[in-house]
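*Asks:* Chains L and R supply the protein sequences, listed in that same order.
Just so it is clear: in the first sequence, position 229 is 837 by this note's numbering, and no numbers are missing.
Just so it is clear: in the second sequence, position 14 is 663 by this note's numbering, and no numbers are missing.
Simulated from the structure, these hints should not be mistaken for lab results.
Backbone N, C-alpha and C fix where the C-beta goes; we use that ideal spot for every residue, glycine too.
Check the hints yourself; a few may be wrong.
To be verified - In silico BS3-like links for lysine-lysine, alpha-carbon gap of 25 Å or less:
no., chain 1, residue 1, chain 2, residue 2
1, L, Lys-828, L, Lys-780
2, L, Lys-989, L, Lys-929
3, R, Lys-651, L, Lys-899
4, L, Lys-913, R, Lys-651
5, L, Lys-967, L, Lys-913
6, L, Lys-824, L, Lys-723
7, L, Lys-899, L, Lys-955
8, L, Lys-895, R, Lys-768
9, L, Lys-824, L, Lys-780
To be verified - To give an idea of the chain L side of the interface with chain R (calculated C-beta under 8 Å), a few residues:
no., residue
10, Asn-882
11, Asn-886
12, Ser-889
13, Trp-890
14, Tyr-891
15, Lys-989
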Amino acid sequence: MLPSVAVALLLSGCYSREDMNAGGEATRPETEETTAPAPNDSKPAPTTAEAPEQGSAAGPLAQASIFLEVSGSMEGFMPKASGAENTRFQQHAAQFLSDLNRSTAVQRKSYFRIKEKPYADSYQQLSQTVRSGIQQPASSTDIPSVLDTLVSRYYAPNSVSVLISDFIYSPKNAGAIPYISTDVTDALNRAGRSDLAVSVYGYTSDFRGAFYPALKTAVKKINPCCDTDIPYYFWVVGPADAVRRFDALLLERQPAQQAHFGVKYPTPASSLLNRFQNVGSWYYGEKDASKRTAGASYHTVAVSKVSAQEPVEFVVGLDLKTLPALYRDVNYLKPNLQLQAQDTDAKIVSVFAATDQTKNSSGAENLYTHFVKVRVTRLGKAARPLQLTLNDQRPGWIGQWTTKNDSNINQAGAKTFALSSLLDGVAAVTTGEQEQAPVFRIPLTLQPAD
Amino acid sequence: MKGFFRFLYELIGSPQPPSETPVYREVIFPNVGLLTLGLSLALVLIFYYLINRAMGVATFNKVRHWVIFLVISAVLSFLIGIWQANSQAVASHSYIYWMSTWNAILGMVWFFLFSIILKRGSTNASTTPF
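Pulled out of the complex, with its shape left as it was, chain R reads as follows:
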């Protein structure tokens, strides 16, 4: 699993500065990766199963509502990247922001994928986003 996250996060290049590579590979990538996956899953569950099924809200199932959740997923994913990098006290470098931006994109990708998989279980939003 570490290998998977390492592959995923090094698509944008090696960690910088190079001296922090072990911390990124062993701690930050797996942490950020798992947290982002969990976050996206949670948001999808909230959107499809909490709001649009359990609570039975009927007016929050349009594409624009889904996009709000997509954006929330991106913003929180970005913050997860910054937070994890800072909490592991890595040397500051602009790479932290690149990595977090990449994580925001990944957060949206996860959110989209979970949406596709789980939307059928929703009563009010089974056709959102399409």
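Just chain L, same shape as in the assembly:
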């Protein structure tokens, strides 16, 4: 019959989305019906082969070496068992060692006590030392030489070294204090590792024993000590990729202060969101935006109308799950997320984390952990790049945890002598000559609508 053939021919030429996400069931029967009379319809099947998601080295880490400093200054964290309560350090370190020992994501684990040099231990021995206290304290260990040992002898691809210490570095005399950062830089640089990365996790613990200040001008030791908590640190040293994975596996569970040097992170997943707090006349500028493929991401803003009276606001969703807690903290993101743009006044108006509402939403916003809202009232005559950058800024806690004089630690509080100088030394190695690389960069495009 002629009319029905004509309809069928017209129908077969219809456009349809290749992939329906929600609410697609209503249309699917129609598309199937309409394609039936036209078998030469060369539309590809909706099962588009997804690119296999694969990390560069997704397997387990080859090795993790744990170095526990057991000098006299660490005794206060690990007092000899006297029936009294254990310290938070003991609790935490024992837990960490146990987690690591159990972990299947690290193939080989080795344990060392650091005296004047590393002594191999078993898990049981080291855990016992943590629990029941240091039996034979070593004389003070020199941080630069320990770091030197780690990078020259224990550095291997896909492996990390973890140094657990109070990181109180006491130079031989007061004249050496200005060279602390240089000493650390030289120590880490000696082996010439180009992909060296260091993650620093800072904790505090109660402390019951003799405290040996770095500055011995006033007193050699404070005993008993301390009324204040004392900081201790886990330094994860190794190739950038291994450090990142080790952090994510074992150190992100506990709340901690953290700083990362030379660790590189994959660019987090991101997308513009056109149905989430959007304001004004704009739409996705991508050519295939109409297909609305499930899980597709969009980075082009096409603005059809904008003025000071009718601003355009768009939200970029970011999935920061793969980043360490430091970079997921909204308080860190707010000052350090920046927008680079040309010919426009686009600026970030707010940064906020996902809420239960966004997580349970049926919209695309449920894929993202953080949101950046950008407002525009003016834009260029053609497409212009817009770049969302997270700067790698030294976190504020480092300054707060640093003291120039720890000889009266009870008054100074939970601080470490010359911590920021130590970390300056680390930063000098990992950043090299070039400028500090941002944590991530997300390219967007801002263009007038056609």
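Using the hints provided, position chain R relative to the given structure of chain L.
*Replies:* Same frame as chain L, now just chain R:
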């Protein structure tokens, strides 16, 4: 062709909400446009060639009968607009109804144009509507 339908359907203004513009331009306008054209053509063929030629019905060739088909064309065109917008799951907005109303008008226009072109081939209704 997408450009033609985009022009045609944006005579009443840009799609609303603006965020749905790509779906309207790339999917809904071409779909609705083609379906409406096909529908109008089919109705014209049914009226002039099926009823008034092949079936030889002699009492269904007046202007009022043609108007019944014109109204059917308008109503179905309106429904095509609503149906396509809903099946593409665009954000709900009163624009869907404006667009569908506009499509009803276009449906009548197509029906009229096809009538003028094709009426000569009919045996009983070659002078309907005029």
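*Asks:* Each hint should be assessed against the structure and marked as holding or not.
*Replies:* A quick look at each hint next to the structure:
At most 25 Å may separate the alpha-carbon atoms for a hinted pair to count; L:Lys-828 and L:Lys-780 meet this at roughly 13 Å. Taken as a hint, the L:Lys-989 and L:Lys-929 pair is broken in the structure, with Cα atoms around 36 Å apart against an allowance of 25 Å. About 15 Å separates the Cα atoms of R:Lys-651 and L:Lys-899, which keeps this hinted pair within 25 Å; it holds. Restraint check: the Cα-Cα separation between L:Lys-913 and R:Lys-651 comes to about 22 Å, which is no more than 25 Å; the hinted pair holds.
With a C-alpha separation of about 31 Å, the suggested pair L:Lys-967 and L:Lys-913 falls outside the 25 Å cut-off, and the hint is violated. A C-alpha spacing of about 21 Å is found between L:Lys-824 and L:Lys-723, which places the hinted pair at or below 25 Å, so the restraint holds. For the suggested pair L:Lys-899 and L:Lys-955, the alpha carbons sit about 29 Å apart, so the restraint of at most 25 Å is broken. A C-alpha spacing of about 42 Å is found between L:Lys-895 and R:Lys-768, which places the hinted pair above 25 Å, so the restraint is violated.
About 10 Å separates the Cα atoms of L:Lys-824 and L:Lys-780, which keeps this hinted pair within 25 Å; it holds. The criterion of a C-beta within 8 Å of any C-beta in chain R is met by L:Asn-882, whose closest approach is roughly 4 Å, and the hint holds. Hint on L:Asn-886 holds. Least Cβ distance to chain R is approximately 6 Å, under the 8 Å limit. At about 4 Å, the closest approach between the beta carbon of L:Ser-889 and any beta carbon in chain R falls short of 8 Å, and the interface hint on this residue holds.
Nearest Cβ of chain R to the Cβ of L:Trp-890: about 6 Å, under the 8 Å cut. The hint holds. Hint status for L:Tyr-891 relative to chain R: holds, with the closest Cβ pair at about 4 Å, below 8 Å. Of the supplied interface hints, the one on L:Lys-989 is violated, with its beta-carbon coming no nearer than about 20 Å to a beta-carbon of chain R, more than 8 Å.
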